[in-house]
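*Asks:* Hey, can you work out the whole structure from these sequences and the hints?
Chains as they are written, first to last, in this note's numbering: chain A, 1 to 464; chain B, 1 to 246.
Keep in mind that the hints were calculated from the coordinates and are not lab data.
Just so we're clear, the structure is a prediction, and the values are computed from it rather than from any experiment.
All residues carry an ideal CB built from backbone N, CA and C; glycine is no exception.
Partner residues aside, some chain A positions facing chain B, computed with beta carbon under 8 Å:
{"no.": "1", "residue": "L141"}
{"no.": "2", "residue": "E146"}
{"no.": "3", "residue": "D373"}
{"no.": "4", "residue": "W378"}
{"no.": "5", "residue": "Y408"}
{"no.": "6", "residue": "I418"}
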Amino acid sequence: MTASRSRAFGAKVMGARAVGSISRRSGRGGGTTLPGRLLLRTAPDAIGRLSSRLTGERAVISATNGKTTTAGMIAAELRAAGREPVHNRAGSNMAWGVATALLEQRGSEALLEVDEAWLPQVAAELEPTLLILGNLFRDQLDRYGELERLADEWAELIAASPASMGLVLNADDPLVADLGRDEELQTRPGTTYFGIEDTARALPELQHAFDAKHCRRCGSPYRYERAFVGHLGHYTCPNCGADRPTPDVRATAIELRGIEGTTFRAETPAGDLQVEIPLPGLYNVYNALTAIAAGLRLGVGLEQIGSGLRSVRAVFGRVETIPVDGTDVSILLVKNPAGANEVLRTLALEAERSQQPLELWMALNDRIADGRDVSWVWDADFELLAAAAGHVTCSGTRASEMALRLKYAGFPTDRIEIIEGIEASFDAAVDRAGARLFALPTYTALIELRTLIARRGLASEFWR
Amino acid sequence: MPELRLLALYPEQMNIYADRGNVIFLRERCRWRGIGFSYAAAGPGEGFDPEAHDLIYIGGGQDRDQLMVAEDMRRTKRDAIAAALADGASLLAVCGGYQLLGSRYQLGERRIEGLGLANLETVREEGERLIGNVSIEVDLGSGPRVLAGFENHGGRTYLGSGAEPLGRVLHGFGNNGKDGYEGILRGNLIGTYLHGPLLPKNAWLADELIARGVEHSSGTRPDLEPLDDALEEAAHAGAEDAARRG
Numbered sequence: 001m002t003a004s005r006s007r008a009f010g011a012k013v014m015g016a017r018a019v020g021s022i023s024r025r026s027g028r029g030g031g032t033t034l035p036g037r038l039l040l041r042t043a044p045d046a047i048g049r050l051s052s053r054l055t056g057e058r059a060v061i062s063a064t065n066g067k068t069t070t071a072g073m074i075a076a077e078l079r080a081a082g083r084e085p086v087h088n089r090a091g092s093n094m095a096w097g098v099a100t101a102l103l104e105q106r107g108s109e110a111l112l113e114v115d116e117a118w119l120p121q122v123a124a125e126l127e128p129t130l131l132i133l134g135n136l137f138r139d140q141l142d143r144y145g146e147l148e149r150l151a152d153e154w155a156e157l158i159a160a161s162p163a164s165m166g167l168v169l170n171a172d173d174p175l176v177a178d179l180g181r182d183e184e185l186q187t188r189p190g191t192t193y194f195g196i197e198d199t200a201r202a203l204p205e206l207q208h209a210f211d212a213k214h215c216r217r218c219g220s221p222y223r224y225e226r227a228f229v230g231h232l233g234h235y236t237c238p239n240c241g242a243d244r245p246t247p248d249v250r251a252t253a254i255e256l257r258g259i260e261g262t263t264f265r266a267e268t269p270a271g272d273l274q275v276e277i278p279l280p281g282l283y284n285v286y287n288a289l290t291a292i293a294a295g296l297r298l299g300v301g302l303e304q305i306g307s308g309l310r311s312v313r314a315v316f317g318r319v320e321t322i323p324v325d326g327t328d329v330s331i332l333l334v335k336n337p338a339g340a341n342e343v344l345r346t347l348a349l350e351a352e353r354s355q356q357p358l359e360l361w362m363a364l365n366d367r368i369a370d371g372r373d374v375s376w377v378w379d380a381d382f383e384l385l386a387a388a389a390g391h392v393t394c395s396g397t398r399a400s401e402m403a404l405r406l407k408y409a410g411f412p413t414d415r416i417e418i419i420e421g422i423e424a425s426f427d428a429a430v431d432r433a434g435a436r437l438f439a440l441p442t443y444t445a446l447i448e449l450r451t452l453i454a455r456r457g458l459a460s461e462f463w464r
Numbered sequence: 001m002p003e004l005r006l007l008a009l010y011p012e013q014m015n016i017y018a019d020r021g022n023v024i025f026l027r028e029r030c031r032w033r034g035i036g037f038s039y040a041a042a043g044p045g046e047g048f049d050p051e052a053h054d055l056i057y058i059g060g061g062q063d064r065d066q067l068m069v070a071e072d073m074r075r076t077k078r079d080a081i082a083a084a085l086a087d088g089a090s091l092l093a094v095c096g097g098y099q100l101l102g103s104r105y106q107l108g109e110r111r112i113e114g115l116g117l118a119n120l121e122t123v124r125e126e127g128e129r130l131i132g133n134v135s136i137e138v139d140l141g142s143g144p145r146v147l148a149g150f151e152n153h154g155g156r157t158y159l160g161s162g163a164e165p166l167g168r169v170l171h172g173f174g175n176n177g178k179d180g181y182e183g184i185l186r187g188n189l190i191g192t193y194l195h196g197p198l199l200p201k202n203a204w205l206a207d208e209l210i211a212r213g214v215e216h217s218s219g220t221r222p223d224l225e226p227l228d229d230a231l232e233e234a235a236h237a238g239a240e241d242a243a244r245r246g
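*Replies:* Structure representation (structure tokens):
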């Protein structure tokens, strides 16, 4: 009986794998989800069954912003240590993306990024050995619902997990940091906290999109000494004492070099490390800190962590630069106010450094994976670029809403153009741009853009 | 100089769907026309002078914030809101703020007392949240117009007998997904589930509120100078299309 059931499962696995290779050869869709989708339809417990062959670590990472980049960094650290985990590297992070990676890749350990809302269900099947949680920001409220509810679901997942599961948590995000403490504020054994200590990098004021005003525990307003990115910062709860935990892995002496990259000093329990990453902005300092803390917990040495981080390339659409007809096109995904604000700050810094007006292409789509509600563009601080922008071409299914937001952020209307179609608008923007174009697409617009660029042979397909 | 004095209620708590887009929109349209614009906020524990404002705005918040706001608003602001409305000021209440205008919000066993300023009540019923693009037909006295936006609410709102809805649902759910109506309209009080930045998508409503506000502050209804609204009209059409597509 058992043998025949497992033979039946094996047949389903082989069928799903075959579909994946056909889908990839046809050049459509990338095949990063289809095989998993098919398998889960006939074997709903497939993730648990496929992961039972993993004998090593099962590291699972979730966050609103930075999942794909951070998982890429951890993969680079592991690679520097000669390890090749099963990894959903293209960022397909719902159940079917995870199942597809498990289905198609060999390896005795896994590094999997998982969508915030899918995390409880997927983790219950995967039984992670290390759970890495980066941040929670308001994002796609039509799909995820309220942040506090999401944080509660994560807390239930951690409470239900065996004590042997390790945690890597962001000390600077109160919604995440508190997940590592019990009712008496005692830190759960096996928890590593990370955070930024360089106070010179704090924001001049708290941002409009500020997501953790009240203590998760007692409801009193947090007192913020400073914030670095959105609500990530140094805070205390004057009422119940649920203060920012002291981080084990800390970033100091941060130097932001515009779009070119970032350096900082990481202080860790294993010693200090001078870190250099070819990615911009404080948000990538958080991503790197997450990856350092996770790497240490996965047994990677400090030196290998350093060389892994240096070798990181921008992942798909996260500050990738691709030459198109003589124009360097830098692609920066924007998908929610907190993430968009970081991109806008980086670009403002870049404009200051280069003393050139920024040529922009912005694509606002309202498909399910983007969030159908485009209200969020009014929470992002596009005002930051009003003085620095040259021409802006607005594209996507809600191009007109994007254009309107820019007008009210102070962009001159005679430099705003609306062309809905992705391809036509992108070509027009490249034509006009000269040496450099900054492309800011939402998620599905990024997929469209990347498919377009790959079709023209300018970059490899995103699933490679 | 004509002016619009805007008061935002609980902007720190009731801002979940980028409600500040409405403030930016009103501010800029006043500025371009040489209309004075002032912005004030009243947060937890704070009262306000009912005669000092022409337009009062309240947006939507997370459950926990909304609970706190309901209680605080009853205690510190209800009477001032009622007095401001009686004095001819306008009120635009959106999403969670709209729900709180009614007599109660029933969440299973739990009952949140509302302000009792509008003849409606809201109930969290079984079933999915009502989420999606929405368009409604509205007549504020100058003929039918379309409001287009996005709604996302678990509560179902029912108007009391004799209460007038803001509009008729063209596409989407509206108050409760059943009776085909959306929002509430009573004189200068407007309540709606079209959330967050609804004014940028509906410049005509923003201008109507500016005109009413200037009339309230100056005693004369102004003829608003027309603006170049090509992008505003495109965004309105985009939101209407999105509602039509579902």
